[in-house]
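Asker: Line by line, the protein sequences give chains H and V.
Anchor point for the first sequence: position 293 equals 293 in my numbering, and the numbering is continuous, going up by one each time.
Anchor point for the second sequence: position 136 equals 136 in my numbering, and the numbering is continuous, going up by one each time.
If you are wondering where the hints come from, they were derived from the structure by calculation, not from laboratory data.
Treat each hint with caution, since some may be false.
Here are the simulated EDC-like pairs of lysine to aspartate or glutamate, each with C-alpha atoms no more than 16 Å apart in a straight line [to be verified]:
id, chain 1, residue 1, chain 2, residue 2
1, H, LYS428, V, ASP40
2, H, LYS428, H, GLU225
3, H, LYS35, H, ASP331
4, V, LYS42, H, ASP166
5, H, LYS428, H, ASP439
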Amino acid sequence: MVFGVVMGIIFGALPGLTTVACLSMFLPVTYVMGKAMGLSMLTSIYIGGMSGGLVSAILLNIPGTPSSIATCFDGAPMAKRGEAGKALGAGVFSNLVGTVLGIMAMIFISPPLAALTLKFGPWENFGVTVFALTLIASLCGKNIYLGLLSALWGMMFSTIGQDPIDGATRFTFGSIELTSGFTLLPVLVGLYAISEVLSSAAHGMESGQINENFKIKGFGITGKEMVSQIGNWVRSSLIGIGIGILPGIGGSTANIIAYSVAKSSSKYPEKFGTGIIDGICASESSNNASIGGAMIPLLTLGIPGDGATAILLGGFMLHGLTPGPLLFQTDGATVYTIFASMIVSAVLMTVVMYWGMRVFVKILKVPSYILLPIIVVLCNIGAFATNNRVFDIWALLLFGIIGLAMSKFSIPIPPFILGFILETDFEKNLRRGLEYANDDPKEIFTHPIAIAFIALAIVFLVYSIIKMRKSAKKVK
Amino acid sequence: MKKFTKEMKVGVFFLCFAVFYIISSRNINTFSPFGHKALDSKSLPQLLGWLMIVLSIVLIVTSYVKSKKTVAVVPEKQEKKAVEMVTVLGKQLPKVSAYLVACCGLIALYTLFFRSLGFVVSTTLFLFLLTLLLAPKDKRTGKMIVFYAVFSVVFTVILYLLFTRAIAMMLPHGILG
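So that you can see chain V by itself, here it is in the shape it has in the complex (with noise of 0.2 Å):
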C-alpha cells in the first residue's frame, strides 16, 4: 500500500500553507473608523485559512479512507514507467525534469538580466540558449545552429521596433541603450 496518495500530499500541503497563512495574517493592521465591529482587513484573510484548514482536512481523510478502501479490494498495481534518464554534470537525472529545470532556470536568467543587459540582448540569447536546449539532437548540426542564432536575431529586432516603434512601449535599453 502507498503510505501517500497524491491527493493526501496536496491536502498536507494545503494544510502547512493555511496554517502559514493565518500565522502571518496576525501581522495585518486593522482600522475601523466608524466603530464598525463586523469585519476589518484581517477577518476575511483569517476566514479564508479556517475554511481551507478545514476543506484540507477533509480530502486528507476522505482520501485516506478512499486509499485503504481501495487497497483491500485491488491489490496494488506496480506500475513503474520507464524513466529516461540523462547525464548532467556528471550526475544521472531523470530527463523530464533536467529539462524542466533547465528551462525554468533559463527564464529566470533572462527575467533577472532582463532589465542590466536591455531586451534586445537578453531575448537574442535567451531564444537562442531555449531553442538550443529544446531542438532534438538531429537537429543541433552546425547549419541549423546558425539558422537558430539568425532567427533569434531577426526575430527579436522586429520585435523591438514594433513595440518601442509602433507602441512607444518602453522597453528596457540596458547596455545598448
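For reference, chain H alone in the conformation it holds in the complex (with noise of 0.2 Å):
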C-alpha cells in the first residue's frame, strides 16, 4: 500500500500523466495480490494520485492532474515569495482532511444505499441508468449533444458482440474474436493512457522551472492557521463529496467550484489568487473529498463516478467481485477491508507527502521519453492478461486512437466510457421490464422510483439545453 500511495503520488505530480494512467498500468500487477491486497492498493493509489498533483501545481505552477488546477491560483505565487514550504504542507493537510471526510461520507451513506438499490428491479436500475448516462452527458464539456453523442457511441461499440439475453451475435462480421465483443480493460485503458501517451508523444510534455528552494516545519502551518480554516474545510469537503456522488464529474470540477465557492464567501475574497492559505486549503480538501464521494455510486450501483473508478470498477471485475447492491452481502469483509485501507492509506499519504517531498521534486525531472515506452508496454500486459489474447492489444491501439481523436475534436471521452459500461445493463433492464410487464410499456408507471428517475433525467437535458443557449448567447 506504501507502495500504491508512492507510485500514485509520483504520477500525479508528474503533469501530463494522470491518475487514471497510473491506475490502469497497475490494474495488471494487482494479479499477483489477493482480492483485498490489490484493491486496497488501487484505492491507495487513486488516493496519492489526487494528492501528488499539489506539489507541481504550487512547484512548477503547472497542476499536476486536472484535479489541483485551482491549487496553482494561490500556490504558485506563494512558492514565488518563497513560502512554498508553507503552501504545500498547506495542501497536504487539507488532502488528509478531505480524503478523511469523503471516506466518513462513504462508510456512513453507502451501506443503507446499498440496501436500498437491492429492492430494485429492471425498470428502477433502467431509470437510473438513464439518469446517470444523461447526467454524465450533460455534465461533460460544454456541448451537450457532443456529449449525448459520445454517450451513444460508446453505447455501440459494447453491442459489438452477444446479445446479453439471447446470445445472438451482433456486428461481428464474420470475425470470431468480435464474438465476445470489447473487453472494458483495453477500452478504459486505451481511451486514457494510450491516448495520453500519444499525444504526450507527439506533443512533448511540459516542463517548466522548478522551485526547489523551500523548508517545512512540522505541518507547515500553525495551529492558528488550522483553526482559522476548518470553516473552509468542512464546506470545500461537502462541496468534493456531491460532485464526487455525481457521475461523470470528479475532483477536476470540485477544486474550481470549492475555490470560488470559498472566494465568494470569504471575509477577504480580493486576497484570493495573490497566494493565500484559504484558497489551497478549498482546491485540495475538495478534491480528495471528491474520492469517497466518487466510491459511493461505485459501491452501491455499479456506476463510476469519473474516469479513475471507473478503472477501479475494471479492477473489480479483474478480481471477480461485481459493484452494486450484492457487493456488501456477497463480499462484505473486502468492502471493509477497502473503507479500512482507504483510511490507512489517507495518512501514509501525508506521511509520505512530508518526508518525501523533496525525492518526488527529483522524480518531476524523469524525462517522459522513458517514462512513456514503459507505460505503453504495461498497458499492454495488462490488456493481453485479461483474456490471453493478441486481440485485446489491437483493441487497446484502437481505443487509444479513438480517445485521440475524440479529444482532438473536444468530444468528452467520460460519456463514451459510461455509455460502453452500461449498455448492457441498460438493455438487458429494459428487456428484462418489458418481458416482466407482457411486453406493455405502459407498467413503468407503477415503478415510481424508475420514473423519477426518467423524470430527472428529462429535466437535467431540458436544463441544460436552455443553459446552453444562453451561455451561448452571452458569448455574443
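Put the two chains together into one complex; each comes in its own frame, and the hints tell you how they fit.
Answerer: What follows is the structure, given as C-alpha cells:
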C-alpha cells in the first residue's frame, strides 16, 4: 500500500500523466495479490494520485492533474514569495482532511444506500442507467449534443458481440474474436492511458522551472491557521463529496467550484489569487473529498463516478467482484477491508508527502521519453492478460487512437466510457422490464422510483440545453 | 468564413457512422422464444442508431446556425500556428503528426510481433526504439544509446520474470521458448 500511495503521488505530480494512467498501469500488477490487497493498492493509488497533483501545482505552476488546477492560483504565488513550504504543508494537510471526510461520508452513506438499491427491479435499474447517462452527457464539456453522441457511441461499441439476453451475435462481421466483444479493460486503458501517451509523444510533455528552495517545519502551518480553515475545509469537503457522487465529474470540477465558493464566501475575496492558504485548502480538500463521494455510486450501484473509478470498476471485476448492491452481501469483508485501507492510505499519504517531498521533486525530472514507452508496455501486458489474446492489444491501440481523436475534436470521453459500461445494463433491464410486464410499456408507470429517475434525467437534459443556449447568447 | 466547423465535422462523422451501424444491424438474427414481440436483439441497436442520426443532425444544424451568427458579428480571425516541419523519407511533414504516426506504427508492429517474437524480444526492441524516437536530439549520443539499450533489456527481463515466475501469468515465449 505504501508503494501504491507513492506511485500514485508520483503520477499525480507528473504533469501530463494522470492518476487514471497510473491506475491502468498497475491493474495487471494486482494479479499477484489477493482481492483485498490488490484493491487496497488501487484505492491507495487513487488517493495518492489525487494528492500528488499539488506538488507540481505549487512548485511548477502546472497542475499535475486537472484536480489541482485551482491549487495553482494561490500556490504558485506563494512559492514565488518563498513560502512554498507553507503552501505544500497546507495542501497536504487539506488533502488529509478532505480524504478522511470523504471516506466517512462513504462509510455512512454506502451501506444504507446499498440496502435500498437491493430492492430495485429491472425498471428501477433502467431508470438509474438512463439518469446516469444523461447526467454525465450534460455535465461533461460545453456542448451537450457532443456529450450525448459520445455516450451513444460508447453504447454502440458495447453492442458488438453477444446479446446479453439471448446471445445472438451482433456486428461481428464474421469475426470470431469480435463475438466476445470488446473487453472493458482495453477500452478504458486505451482511451485514457494510450491516448495520453500518444498525445504527449506528439506534443512533448510540459516541463517548467522547478522551485527547489523550500523548507517544511512540522505541518508547515500553525495551529491558529488550522483553526481558521475549519469552516473552509468542511465546506469544501462537502462540495467535493457531493460532486464526487454525481457521475462523470470528479475532482477536476470539484476543486474549481470549491475555490470559487471559498472565494465568494470569504471576508477577504480580493486576496484570493495573490497567495493565501485559503485557496489551497479549498481546492485540495475538495478534490480529495471527491474520492469518497465517487466511491459511493461505484460500490452501491456499480456506476463509476469518474475515470479513475471506472478503472477501479475494472479492477473489481478482474478480482471477481461485481460492484453493486449485492457486493455488501457477497463480499462484505472485502468492502470493509477497502474502507479500512482507504483510511490507512490517507494517513500514509500524509506521512509520505511530508517525508518524500524532496524525492518527488527529483522524480519530476525523469524524462518523458523513458517513461512513456514503459507505460505502453505495462498497458499492453494488462490488456493481453485479461483474456490472453493479442486481439485485446489491437483494441487497446484502436481505442487509444479513438481517444486521441475524441479529445482533438473536443468530444468528452467520460460519457463514452459510461455508455460502454452501462449499455448492457440498459438493454438487459429494459428488455427484462418489458418481458415481466408482458410487453406493456405502460407498466413502468407503476414503478415510481423508475419514473422519478427518468423524469430527473429529462429535467436535467432540458435544463442543460437551455443553459447552453443562454451561454451561447452571452458570448455574442 | 470556414465552411466546416469542427462540430459540423463531428456531426457528419457520427451521421455516417450511425447509417453504417443501422445498415449492419439488419444482419442480426432475432430470436423470440415465447412470442414476445416488444424488443429483440435487433431493436436496441436500431434505437441507438436512430437516436444518433437525430442527434448528429441536431448538432450539424445548431453548429451551422452558430457559425453563421458568429461570423456575422466577429470577423474571422486567421490564426495560423507555425507548424514545425520534419523531413521524413524526403518529404516535409508536420512534426506532430509524423511523431504520432511513427508512434502508432511502432505500437502496431509491437502488437503484430508480440506472439511470434515472444514477449522478451519484442518488448526489448519496442522499448529501445520508442525511447530513441522520443528522445530529443541532444540525448541521442552514443553513450545514451547504450544506456537505453541496457535499460530496455534489464527492464524487460525483470518484468518478464516478475509476471511469469511470481504470478504464473502466461506471456508469449516466442522464439526464445
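Asker: Evaluate each hint against the coordinates.
Answerer: Status of the hints after comparison with the structure:
This hinted pair checks out: LYS428 (chain H) and ASP40 (chain V) have alpha carbons roughly 11 Å apart, not beyond 16 Å. For the hint pairing LYS428 (chain H) with GLU225 (chain H), the CA-to-CA distance comes to about 54 Å; that exceeds 16 Å, so the pair is violated. Restraint check for LYS35 (chain H) and ASP331 (chain H): satisfied, since their Cα atoms lie roughly 10 Å apart, inside the 16 Å limit. Taking the CA atoms of LYS42 (chain V) and ASP166 (chain H), the gap is near 11 Å; set against the 16 Å cutoff, the hint holds.
A distance of roughly 14 Å separates the Cα atoms of LYS428 (chain H) and ASP439 (chain H); the hinted pair therefore holds under the 16 Å criterion.
The structure fails to meet hint 2 from the earlier list, while all remaining hints are met.
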